[in-house]
Every structure is written in C-alpha cells, then in structure tokens.
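In this note's numbering, the protein residues as written are 266 to 412.
Just so you know, the hints here were simulated from the structure itself, not pulled from any lab data. Certain hints may be false.
Stated by the list, open to error - Taking lysine to any residue and the SDA-like style, the derived pairs with C-alpha atoms no more than 25 Å apart in a straight line are:
| no. | residue 1 | residue 2 |
| --- | --- | --- |
| 1 | K293 | L340 |
| 2 | K323 | I289 |
| 3 | K296 | I357 |
| 4 | K281 | T306 |
| 5 | K319 | I280 |
| 6 | K293 | E282 |
| 7 | K296 | K319 |
| 8 | K281 | S373 |
| 9 | K293 | S316 |
| 10 | K286 | H300 |
| 11 | K293 | L331 |
| 12 | K319 | I355 |
| 13 | K286 | E275 |
| 14 | K286 | S310 |
| 15 | K296 | E282 |
| 16 | K296 | N317 |
| 17 | K281 | S376 |
| 18 | K303 | A349 |
| 19 | K293 | T306 |
| 20 | K313 | S376 |
| 21 | K293 | E360 |
| 22 | K293 | K323 |
| 23 | K313 | L328 |
| 24 | K313 | A349 |
| 25 | K323 | S288 |
| 26 | K293 | K319 |
| 27 | K286 | N324 |
| 28 | K323 | S376 |
| 29 | K296 | S307 |
| 30 | K277 | S350 |
| 31 | K326 | E274 |
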Amino acid sequence: MVTPLQAPEEIKGMIKETTIKMSIESGKALKELAHSIKTMTSPLSANKHVSNAKTAAKNLKSLLILGFWEDINLLEVILVAVVASILTDIVICVEEIADSVNELASLSHFSSKETKVDSSKKFNIEATQSRKIHATNVVFDSQHNVS
C-alpha cells in the first residue's frame, strides 16, 4: 500500500514517463516535418510520431483524472501537472503543424520519397551559395568602410 508521503513520487514518476514520451514523439514529428519541407518530400513517419504523442497525451489525461489525488497535497505535484498541461498543448500544436505540412505536400505535389542529389550538382549548389555569401560580405564591407 502506498502512503501519502510516497504518493507524490509515484505520481511524479508516472507523469514523468508519459511527458517524456510526449516530448520525444513531438520532437521526432517536428524534425520529420522540417525535413519534409526542406527536401520537398511527403512526411512519411511524422503522422506516426504525432499519433504516438497523442496517445501519450490521452494516457496522461487518464492519469490526471484518476481519483488518487484525494490523499495527497496537490501543491507537491503542481509543477509536474503544469508541465504536463503545457506538453498536451504542444502536442495539439504539433498535430496542427503536421496537418498543414501534409496539406502543403499534397498541394505542392511533394515527391513520396527523397530523391538523391547528384554529387556534382550538390557541389555546384554549394559553390553558388558560397559565391553569394562572399559577394554579400564584400558589398557589406565596402558600404561600412569609412576612410
């Protein structure tokens, strides 16, 4: 049997495990969505990560609804509950971002798999970017040099 002194640590542990899952899955989803936009490819695994984060959020909600809050001092776990609430809001935002990126991918006809860039084309792209940066620096330097 759990005593009231042990309850906050047990509750913190359960909430911590769930919030870590929400954080990791949301982060993976955002990383996949950013990569999708950068490479103009459909986000293949982002929806899976969003789904996993939503499941963890539902599990967290179930934990918070349980009746074991009656025997403990809520102030002892309030910070953990606040973090859990904020993460739940973040999961909702990540889901909305995923929906928007999926819509963008559909409307822009993103490819369904990442295409490999030929190494010579990659070198030409990098060289062009380097020249643009150098030219910008020269212009900036010449505008700010006072004799």
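How the hints compare with the structure:
The straight-line distance between the Cα atoms of K293 and L340 is roughly 32 Å, outside the 25 Å bound, and the hint therefore fails. With a C-alpha separation of about 15 Å, the suggested pair K323 and I289 falls inside the 25 Å cut-off, and the hint holds. With a CA separation close to 16 Å, the supplied pair K296 and I357 stays within the 25 Å bound. With a CA separation close to 34 Å, the supplied pair K281 and T306 exceeds the 25 Å bound.
At roughly 15 Å between alpha-carbon atoms, K319 and I280 fall within 25 Å of each other, so this suggested pair holds. Distance restraint check for K293 and E282: the Cα-Cα separation of roughly 17 Å lies within the 25 Å cut-off, and the hinted pair is therefore satisfied. About 17 Å separates the Cα atoms of K296 and K319, which keeps this hinted pair within 25 Å; it holds. For the hint linking K281 to S373, the alpha-carbon distance of about 39 Å lies beyond 25 Å, and the restraint is violated.
About 11 Å separates the Cα atoms of K293 and S316, which keeps this hinted pair within 25 Å; it holds. The hinted pair formed by K286 and H300 meets the criterion: a straight-line CA distance of about 21 Å does not exceed 25 Å. A C-alpha spacing of about 29 Å is found between K293 and L331, which places the hinted pair above 25 Å, so the restraint is violated. For the hint linking K319 to I355, the alpha-carbon distance of about 10 Å falls within 25 Å, and the restraint holds.
Taken as a hint, the K286 and E275 pair is honoured in the structure, with Cα atoms around 17 Å apart against an allowance of 25 Å. Restraint check for K286 and S310: satisfied, since their Cα atoms lie roughly 16 Å apart, inside the 25 Å limit. For the suggested pair K296 and E282, the alpha carbons sit about 21 Å apart, so the restraint of at most 25 Å is met. Restraint check for K296 and N317: the C-alpha separation of about 15 Å stays at or below 25 Å, so the hint holds.
About 38 Å separates the Cα atoms of K281 and S376, which puts this hinted pair outside 25 Å; it is violated. About 31 Å separates the Cα atoms of K303 and A349, which puts this hinted pair outside 25 Å; it is violated. Restraint check for K293 and T306: the C-alpha separation of about 16 Å stays at or below 25 Å, so the hint holds. Pair hint K313 plus S376 holds up; C-alpha atoms about 19 Å apart against a cutoff of 25 Å.
Restraint check for K293 and E360: satisfied, since their Cα atoms lie roughly 12 Å apart, inside the 25 Å limit. About 18 Å separates the Cα atoms of K293 and K323, which keeps this hinted pair within 25 Å; it holds. Distance restraint check for K313 and L328: the Cα-Cα separation of roughly 23 Å lies within the 25 Å cut-off, and the hinted pair is therefore satisfied. Proximity of K313 to A349 is assessed by CA-CA distance (about 21 Å); at most 25 Å being required, the pair is judged to hold.
Among the hinted pairs, K323 with S288 is consistent with the structure: their alpha-carbon atoms are about 14 Å apart, no more than 25 Å. Between K293 and K319 the alpha-carbon distance is near 13 Å, which keeps this suggested pair within the 25 Å criterion. Taken as a hint, the K286 and N324 pair is honoured in the structure, with Cα atoms around 10 Å apart against an allowance of 25 Å. This hinted pair does not check out: K323 and S376 have alpha carbons roughly 33 Å apart, beyond 25 Å.
The hinted pair formed by K296 and S307 meets the criterion: a straight-line CA distance of about 13 Å does not exceed 25 Å. Between K277 and S350, the direct Cα distance comes to roughly 14 Å. Compliance with the 25 Å bound is thereby established for this hinted pair. A C-alpha spacing of about 18 Å is found between K326 and E274, which places the hinted pair at or below 25 Å, so the restraint holds.
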